[in-house]
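The listed protein sequences correspond, in order, to chains A and W.
So that you can map any letter, position 120 of the first sequence is 120 in the numbering used here, and since no number is skipped, the others follow by simple counting.
So that you can map any letter, position 281 of the second sequence is 729 in the numbering used here, and since no number is skipped, the others follow by simple counting.
Careful: at least some of the hints might be erroneous.
Here are the computed lysine-lysine pairs in the DSBU-like style, where the Cα-Cα straight-line distance is at most 30 Å [unchecked claim]: (1) W:LYS528 <-> A:LYS394; (2) A:LYS205 <-> W:LYS741; (3) W:LYS681 <-> W:LYS630; (4) W:LYS503 <-> A:LYS394; (5) A:LYS14 <-> W:LYS746; (6) W:LYS630 <-> A:LYS209; (7) W:LYS746 <-> A:LYS13; (8) W:LYS741 <-> A:LYS184; (9) A:LYS196 <-> W:LYS746; (10) W:LYS649 <-> W:LYS592; (11) W:LYS613 <-> A:LYS314; (12) A:LYS176 <-> W:LYS741; (13) W:LYS511 <-> A:LYS394; (14) W:LYS613 <-> W:LYS681; (15) A:LYS205 <-> W:LYS746; (16) W:LYS552 <-> W:LYS630; (17) W:LYS746 <-> A:LYS176.
By construction, these hints were calculated from the structure, which means they are not laboratory data.
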Amino acid sequence: MASEVNTDFLQNKKLDSIAADILKPVGITQGFIVWMGFLGIGLLACIYAYYIQFDNGLIVTGLRDYISWGMYIANFVFFVATSLVGMLISSVLGLIGFKWVKPIARIAEIIAVAFAAIAGLVIVSDMGRPERLPYVIMYGRIQSPIIWDVTVVTTYLVLSTLLYFLPLIPDLAISKGRIDHAPKLLQQTYEVLSVKWSHTSQQYKILLKAVRILLILIIPTAFAIHTVTSWLFAVTLRPGWDSSIFGPYFLTGAFVAGSAAVVILMYIIRVNYKLDKYLTSYHFDMMGKLLVLVSIVYLYFNINEYLVPGFKMKTAEAIHLKDLFVGEYAFMFWCVQLMGLVIPIILMLFKFFRKPLSLFVISIVVLVAAWFKRFIIVVPTQDHPFLPIQHVPKAWTLYQPTLVESAITLGTILLAVIIITVLVKFFPVIPIWEIAEEQNEADHKINE
Amino acid sequence: MIKRYFSLLLIVLISLRVSAQVWVVPAENEAKKSPFAFDDQSRKAGGDIYMTSCKSCHGEPGKNNSLPLVPPPPDMASAKMQGNSDGALQFKITTGRGPMPSFKNTISGTDVWKVISFVRSFNDKYVQEVATNAGPGAAVQNVKISITWLKEQSQVQATLTAPSKDKVIMPVAGAEVKLFAKRYFGNLLIDEPRNTDASGKAIFNFPKDLPGDSTGLVQLVVVPSSEAYGETKADTTLAAGVPTYLPPLNEKRAMWNVVQKAPIWLLLSYTLAVLGAWGFIIYVMLQIRAIYKAGSRKEND
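The whole structure should be built from the sequences, with the hints applied where relevant.
Written out as structure tokens, the structure is:
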């Protein structure tokens with residue numbers, strides 16, 4: 001983002017065509033109603049599942065004495081992980097000065113907002129007595145990583161929302177006269193949210209400064225949010241969690257999941273909104289390269305995380321690792337490592353697999369594998385407690401997620417998709433003013 | 449050929465392992481028998497001792513729920529356990545081996561037999577043989593032991609007395625006695641076993657640095673070495689130790705303490721990080737207001 005904005009682009013005719021392209025899908029369409037209806041009905045069923053859990057307690061889940069962190073906590077880690085991509089794309093790549101992230105930055109921010117917002121809710125789904133949620137604030141101990149986690153997740157959500165909203169303000173001002181086809185309420189919302197934006201150079205100056213602060217501040221916050229999430233595990237002595245590289249291991253894994261999520265959303269937007277002019281093959285190619293890079297880094301951390309303890313095979317660690325390599329979890333473990341990392345890395349090294357459709361398909365596999373990867377990290381460790389619990393029924397030592405539990409987990413994913421749908425459908429998904437400004441600059445260069 | 453070699457090696461290793469596990473009991477101990485007949489009272493008393501001192505590792509008899517240690521602590525009802533003679537059990541309990549601690553100083557000689565009495569109640573086929581010869585003594589009965597703390601000399605004096613045939617209290621001379629200080633697990637032998645002199649007194653040198661409780665109190669036990677003096681023992685608490693104050697773990701600021709006693713460095717880093725981040729967030733929110741104000745001004749122009 002430049003430090004000065006030349007507002008000449010407002011007079012450029014290209015702004016009209018860009019705004020027209022990007023604003024065309026805004027508003028309520030038949031496809032939107034069908035899609036939201038589908039999501040809404042699905043969500044209702046999941047809310048009913050949550051009602052069952054609320055009424056009966058966690059006994060309706062597969063969680064018992066041995067494995068008390070199951071699908072819910074794995075899902076939580078997945079949500080936090082995916083939301084980190086907002087920081088990677090807008091801040092890290094944006095601050096370095098990569099121009100190609102401009103049309104993608106807002107998509108990444110939408111994912112960040114949606115996933116960070118639901119992450120907190122996912123934690124509530126794991127609570128047997130959710131009405132005691134205020135106790136976290138009332139009786140929380142500052143020494144507990146859980147309090148740190150609550151703090152950073154909240155901070156990250158606010159930062160991501162601001163980072164989504166601030167660059168949107170000029171677009172709302174540009175758009176408010178151009179969405180006559182949209183419902184009246186939406187037009188009024190644009191009016192309010194554009195906070196009397198009138199493209200003065202003073203306003204741009206304030207905006208750019210505020211955005212810059214956010215871009216810098218969100219980097220340590222994003223690092224903190226996922227490092228603290230990893231500490232929830234790593235501060236224990238349990239095999240599989242007792243690792244000094246858990247922070248960076250989680251972070252790099254987060255970039256894989258998040259980049260895959262961005263590619264998926266990019267592709268859906270490109271196809272549905274016919275925005276191939278803005279989300280070009282070049283953008284997919286670059287995202288493919290980014291995904292390869294972060295995947296290789298994550299693979300490197302995986303090798304460290306499993307090879308080093310695997311070489312030593314300390315008694316307790318060995319039981320855990322054998323479960324993963326050749327035991328009960330071997331199928332899931334190797335599927336996740338191969339389908340979620342090794343094969344995608346090899347494929348995406350070739351240009352063909354970085355084309356939009358193939359990258360979209362690869363990203364779906366990577367994202368699904370990323371979810372199961374969290375399951376592999378969270379669940380198997382708890383199979384083998386250090387202190388044997390005596391006289392427990394055999395059934396308590398086995399973890400089998402129930403239908404209710406799966407439905408609630410699905411519900412959180414649906415909620416995130418609903419947030420994404422609403423943001424994507426009612427607001428410009430590509431920063432109009434930034435693209436127009438860039439075009440204007442390019443035109444000037446040609447004229448000179 | 450190699451296969452055969454390895455299977456041979458395996459057999460050798462297994463047999464070595466098995467032989468390493470055999471717990472050799474000296475013949476004289478093997479043949480030892482309880483000085484009294486086991487009855488309901490001894491089984492009950494033995495059961496109480498078992499529950500406090502043995503169950504945590506060996507589990508409840510007959511339920512096979514001992515701790516998963518290597519080698520596994522056998523269940524009391526198991527054939528392996530019941531295959532021991534009474535004397536072998538007595539030897540193993542008092543000597544200990546590997547993870548099995550010695551209870552020599554923790555459970556008295558008679559109490560060990562009571563535990564064995566309890567263990568045998570899980571064996572229907574068990575028929576007890578009582579020792580026919582309970583030793584040379586039992587001649588001296590109703591021995592009384594008194595303990596005195598000689599502060600100046602840093603010595604403990606034990607005095608043994610017993611009524612004579614005509615009920616006159618007489619000193620017990622020439623009896624070997626031991627002095628113990630009670631610790632968390634078992635009893636700590638103090639000085640060496642000493643013999644009483646003609647006046648029935650035995651003097652023990654007491655260390656000057658033995659930790660006592662917060663006021664320096666130490667529980668002392670004096671026991672005759674020989675069973676000939678019956679079940680007598682003295683148990684007194686004296687201010688013979690160094691006062692030791694162990695602060696409770698929640699006294700100082702610590703990670704495990706309540707939030708009011710959180711470590712300062714943690715309070716500082718957390719507060720500074722939160723204030724720093726939220727300070728900027730509030731600043732950015734104020735900038736939105738500034739944008740709004742700038743817009744309003746332009747409208748009014």
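Evaluated hints:
| no. | hint | verdict |
| --- | --- | --- |
| 1 | W:LYS528 <-> A:LYS394 | holds (27 Å) |
| 2 | A:LYS205 <-> W:LYS741 | holds (14 Å) |
| 3 | W:LYS681 <-> W:LYS630 | holds (13 Å) |
| 4 | W:LYS503 <-> A:LYS394 | holds (23 Å) |
| 5 | A:LYS14 <-> W:LYS746 | holds (26 Å) |
| 6 | W:LYS630 <-> A:LYS209 | violated (72 Å) |
| 7 | W:LYS746 <-> A:LYS13 | holds (24 Å) |
| 8 | W:LYS741 <-> A:LYS184 | holds (25 Å) |
| 9 | A:LYS196 <-> W:LYS746 | holds (9 Å) |
| 10 | W:LYS649 <-> W:LYS592 | holds (12 Å) |
| 11 | W:LYS613 <-> A:LYS314 | violated (68 Å) |
| 12 | A:LYS176 <-> W:LYS741 | holds (19 Å) |
| 13 | W:LYS511 <-> A:LYS394 | holds (16 Å) |
| 14 | W:LYS613 <-> W:LYS681 | holds (21 Å) |
| 15 | A:LYS205 <-> W:LYS746 | holds (15 Å) |
| 16 | W:LYS552 <-> W:LYS630 | holds (13 Å) |
| 17 | W:LYS746 <-> A:LYS176 | holds (18 Å) |
Checked against the numbered hints listed earlier, the structure breaks hints 6, 11; every other hint is satisfied.
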